[in-house]
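A.B. asks: Letter by letter, the chains look like this.
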Amino acid sequence: MIFLSISFMGDKVISIVQFVGDRVVSFASITFDFFALALSSLKRVGALRLSPVRKVFFKQIYFTGIEALDKILVIALLCGLIIITQVVSIIGVGNPSLCGKILVWIIIRELAPLFSAILVIIRSGTAISTELGTMKVRGELDSLEIMGIDPLSYLIMPRIFGVSMAVLILNLYFFIFSVFGAIVLTSLFMNVPFSSYAKGIFYVLDLKDVLSPLIKSLIFGFLISTVCCHCGLEAEGTVTRIPQVATKAVVQSLFLVLIVDTIITASVFL
Amino acid sequence: MLSFSKVVVSPFLKDFSWELEKGGAAFVVESEFERRWFLRVITGFIKPFSGCIRLIDKDISLLSSSEIYSLRKKIGVVMSDGGLLSNLKIWENILLPLLYHGKVDEKSAKESLVDFLKMFDISLNLYSLPGFLEVYERRLAALIRAFIMNPKFLVYEGIFDGLGYNIKQKFIEIVRRFHKDLKKDYYIFLTCDASFLESFGIKEVVRFGDGTFYKRD
Numbered sequence: 001m002i003f004l005s006i007s008f009m010g011d012k013v014i015s016i017v018q019f020v021g022d023r024v025v026s027f028a029s030i031t032f033d034f035f036a037l038a039l040s041s042l043k044r045v046g047a048l049r050l051s052p053v054r055k056v057f058f059k060q061i062y063f064t065g066i067e068a069l070d071k072i073l074v075i076a077l078l079c080g081l082i083i084i085t086q087v088v089s090i091i092g093v094g095n096p097s098l099c100g101k102i103l104v105w106i107i108i109r110e111l112a113p114l115f116s117a118i119l120v121i122i123r124s125g126t127a128i129s130t131e132l133g134t135m136k137v138r139g140e141l142d143s144l145e146i147m148g149i150d151p152l153s154y155l156i157m158p159r160i161f162g163v164s165m166a167v168l169i170l171n172l173y174f175f176i177f178s179v180f181g182a183i184v185l186t187s188l189f190m191n192v193p194f195s196s197y198a199k200g201i202f203y204v205l206d207l208k209d210v211l212s213p214l215i216k217s218l219i220f221g222f223l224i225s226t227v228c229c230h231c232g233l234e235a236e237g238t239v240t241r242i243p244q245v246a247t248k249a250v251v252q253s254l255f256l257v258l259i260v261d262t263i264i265t266a267s268v269f270l
Numbered sequence: 001m002l003s004f005s006k007v008v009v010s011p012f013l014k015d016f017s018w019e020l021e022k023g024g025a026a027f028v029v030e031s032e033f034e035r036r037w038f039l040r041v042i043t044g045f046i047k048p049f050s051g052c053i054r055l056i057d058k059d060i061s062l063l064s065s066s067e068i069y070s071l072r073k074k075i076g077v078v079m080s081d082g083g084l085l086s087n088l089k090i091w092e093n094i095l096l097p098l099l100y101h102g103k104v105d106e107k108s109a110k111e112s113l114v115d116f117l118k119m120f121d122i123s124l125n126l127y128s129l130p131g132f133l134e135v136y137e138r139r140l141a142a143l144i145r146a147f148i149m150n151p152k153f154l155v156y157e158g159i160f161d162g163l164g165y166n167i168k169q170k171f172i173e174i175v176r177r178f179h180k181d182l183k184k185d186y187y188i189f190l191t192c193d194a195s196f197l198e199s200f201g202i203k204e205v206v207r208f209g210d211g212t213f214y215k216r217d
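Going down the list, the protein sequences come from chains F and B. Numbering of the first sequence is given in this note's numbering, commencing with residue 1 and proceeding in unit increments. Numbering of the second sequence is given in this note's numbering, commencing with residue 1 and proceeding in unit increments.
Note that these hints are calculated values from the structure, not bench results. Quick caveat: nothing in here was measured; it's all calculated off a predicted structure. Be careful, since some hints might not be right.
[Claimed, not checked] Derived Cβ-Cβ restraints for the label pairs, each shown as a range:
#1 244(F) x 64(B): 48 to 58 Å
#2 6(F) x 210(B): 52 to 62 Å
#3 49(F) x 47(B): 56 to 66 Å
#4 64(B) x 33(F): 17 to 27 Å
#5 6(B) x 260(F): 45 to 55 Å
#6 47(B) x 36(F): 19 to 29 Å
#7 102(B) x 267(F): 41 to 51 Å
#8 128(B) x 244(F): 26 to 36 Å
#9 12(F) x 50(B): 46 to 56 Å
#10 119(B) x 172(F): 29 to 39 Å
#11 48(F) x 64(B): 40 to 50 Å
#12 49(F) x 64(B): 21 to 31 Å
#13 36(F) x 11(B): 25 to 35 Å
[Said to hold, decoys possible] Cross-link-like lysine to any residue pairs, in silico, SDA-like; alpha carbons within 25 Å at most:
#14 89(B) x 61(F)
#15 89(B) x 148(F)
#16 47(B) x 137(F)
#17 55(F) x 66(B)
#18 103(B) x 152(F)
#19 74(B) x 145(F)
#20 107(B) x 50(F)
#21 14(B) x 52(B)
#22 110(B) x 148(F)
#23 55(F) x 128(B)
#24 74(B) x 208(F)
#25 55(F) x 113(B)
#26 110(B) x 58(F)
#27 47(B) x 46(F)
#28 248(F) x 218(F)
#29 74(B) x 46(F)
#30 22(B) x 148(F)
#31 208(F) x 219(F)
#32 73(B) x 202(F)
#33 59(F) x 106(B)
#34 47(B) x 58(F)
[As the list claims (entries may be wrong)] Heads up, incomplete: computed chain B residues facing chain F, CB under 7 Å, no partners named:
#35 43
#36 69
#37 72
#38 77
#39 97
#40 99
Virtual Cβ for every residue (Gly too), placed ideally from N, Cα, C.
With the hints as extra help, turn the sequences into a complete structure.
C.D. replies: Next up, the structure:
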């Protein structure tokens, strides 16, 4: 009886170890593939001198960045309004310097890069993984290779660099418009002079507060595009794989962005 | 120009030897799968288990990936589905390899394309996406794309297969004119339908039978 229990426990332990081991190996394999793709893309940046590759790069900036500007504008203004309303309700209107500090902490350091990344994941992440997945399933990647065109240089690298630039641009727009929206609201409806709040914000803004979100947004853009390209290239066989890889791309991108955001914030500001 | 020397590639090539020095040849197969498989062997996607495949004096199995890309620039391949990118217009598809390999700028390339179409009296909707075109039109676009690169060797994968009689005859005439006017002497057809071979005067025919390529006519 005791022997049976020990044997049963042993089997359970082995299956748990196997399960964890499989997950670790799978995670390591995915991470390795991801870094291999990222590195391969960085090595091919010279292909931007070719006009078809530059076209793909500029198209990507347009679709990911320029076409999302109106949406980021609205989200930014609304975020700025919501945050300043809450801040003023907590600390009142008599301390523009503290209000400015909170706006810098919340919007410029955190919300701007994060919301820009999330918007890009929703809009462009799905589009990129779906497009690449469709091309893979239809054999269009093989057609490119048959023409002597490296798909990594023509399709992947310009998308990665294009999305990274786009997230950077969207981040800049986000924090300009959300801060601007917040200041305008307080000056129009709370009788606080525009210059007091503006001074309060610029007084607390330092180089770390400007550079850190810009670097974050570049990293987020790079991660999102690499993950979405990687997932798109995994589609094989049938068209039913395409929506599966698109979903996987969105979920993986979101998790990665949040994890990296936590790491960067903790290392820079703690 | 293309030679096989005791090549073994699972599952269809078993100790296969064959050579094409000049002119055209045909590999007649039984299905689209075999046709596409053989194309992948010739273009270096599938490496031989043993033996040697030489294309334009290069042993395919020994080439690195950048050397393979370099070799493929010199081969013109016309696939049965056209092999076009669905998110590019027809003119962008046709000019893509020319612009990517840096041979000309976009303005000159567009002018050359228009002149090429006028020279052969070909009408094609250049501003359409491939999804809106008939199979024959997609193959025609792929044909123009291949010829515009001035390749040393041409591979036609099922380009006449599945076409109606009149369209097929029209397409055969276009390909014959291209060969004659642009002086293309080295080509192979991979096909399931051998009825057009006489139109090209092809005498070198390898057939697929009993699960392998081995019969010669």
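A.B. asks: Report the numbers of all earlier hints that the structure fails to satisfy, in ascending order.
C.D. replies: 1, 3, 10, 11, 24, 27, 32 and 34
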